[in-house]
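There are 2 protein chains.
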Amino acid sequence: MGQDQTYIHGYAAAEDRRLHDQAATLEELLHHDSTFPAGSSVLEAGSGVGAQTLPLLRRSPGIRLTCLDRSAASLDAARTRLRAAGLPLPDFRQADLCALPFPDGAFDHAFVCFVLEHLPEPDAALAELRRVLRPGGSLTVIEGDHGSVLLHPDDEAAQAAIACQVALQRTAGGDARIGRRLAPLLVGAGFVAVRVSPRPVHADAGRPALVDGFVRRTFTAMVAGVRDEAVRAGLTDAAAFEAGLRALLRTTEADGTFGYTFFKATAVAPPAQR
Amino acid sequence: MGQDQTYIHGYAAAEDRRLHDQAATLEELLHHDSTFPAGSSVLEAGSGVGAQTLPLLRRSPGIRLTCLDRSAASLDAARTRLRAAGLPLPDFRQADLCALPFPDGAFDHAFVCFVLEHLPEPDAALAELRRVLRPGGSLTVIEGDHGSVLLHPDDEAAQAAIACQVALQRTAGGDARIGRRLAPLLVGAGFVAVRVSPRPVHADAGRPALVDGFVRRTFTAMVAGVRDEAVRAGLTDAAAFEAGLRALLRTTEADGTFGYTFFKATAVAPPAQR
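Protein chains in written order, with full-length UniProt numbering: chain A, 1 to 274; chain B, 1 to 274.
Bound conformation, chain A alone (with noise of 0.2 Å):
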């Protein structure tokens, strides 16, 4: 999910749990079917907190998993996260995705969630991705899409405090639907083998976990926090962008609803070319 360059995720102890929040309300959703076999080498690239990073440790025991994230500092909070939970340890670097310290074809498989969004050469890393792993190797990719978003009862402002995160995150260089992309983007990388699949989330009265969880806890919260920054940049003023986050709120009584779509990405590095 999108914020600017300047607000990197998990660096506040309150974005932090809201990660982590949102990680255990979507697991099933977007993970469920991220397994890897025990033995094979993993790279989750742009790993942050560790809040994929459990799910992903969870969900496949006895891979060797490799760390990457150039914050030292979300490094650090993962290993202290990770240690909690008594999983073991992966092998932590802190370096840049689009200048990976890793030999060609180093990795069976790659996992990246949430970070392309960010990156202003988003094809960039995935060409590095592609050349760390082995050929025949797996990508997994899962990303948001902020053009996905369903209201009801559908409302101005609400929709004007998302464009505010938009338009932020594409100053920054990133793409908050970038979603909707997937395809295109790993074809053109050079992968193969490329298939997307939507996850949607829709939260409505039958399923308040999802309701509290995921649109007050998790999106909500996140487009209350760009709020001064859109302020500042003269995207909104404040007045208009509380409007928007009440209007976000109004989806969640009873007879409310909220959508939103997450695409989750595979594709298969090919054999080297000759």
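In short, the hints are calculated from the structure, not lab data.
For every residue, glycine included, the Cβ atom is placed at its ideal position computed from N, Cα and C.
Check before you lean on any hint, since a few could be wrong.
[Stated by the list, open to error] One side of the interface only, derived from the structure: several residues of chain B facing chain A at Cβ under 8 Å:
1) H32
2) L150
3) P184
4) P198
5) H202
6) A205
7) P208
8) A209
9) L210
10) G259
Place chain B on chain A using the hints.
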């Protein structure tokens, strides 16, 4: 999928073919979990030309089916088609969905697909459906939501062309964005155990049958079908509308993607109130 009231689905031969193409492409996605026990009585309300009746009968052999529609011509077309497919003929009834010619509790199950979107009073139709279901009987509803369209590349002219269809359907009393609000509609009509399941279609170059069957021959064909009326109503001009159609077709190229989400709801009629 929506049209206005003066253009009832299935009357024209081209429209009839379009609806059958759509039904074949989407059958697995929408109907794989729609089965009713042999011997049970099932009402298909708003059965039209029978596009959804075929998968219904194929997947639930031995049901006692009643097909109801307000159009005698549509019922005739459905009868011809079911006969050609060698399927057992249901009981055909011509009547309005908001005044069902059946006693209370007459059916074990009811099935409504791409119908509520056209009704000025979907809540009245749902109340009637609840009345004719036995206590504990089930209702299945499938509808689209035109707000769920995700285009890559995204395009304002394409969005404007889709908005013409939404506006015409609204003028006719319908709601092309009804999918997102099935849960509150069903709860409001007195149903219990309401569950809504989004069914996303994601068409990219890796799924050529979906690109052709859904994006080209279903969705774009449907939008193209309102061109003349949209121009007459002053919602667009021919050049702008054509640009929108070209942009929709642009998503079918190798680096494009197209997304749409259907909503399937199931609910139960509660015990009669005393």
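Violated hints, by number in ascending order, as checked against the structure | Per hint list: 1, 7, 8, 9 violated.
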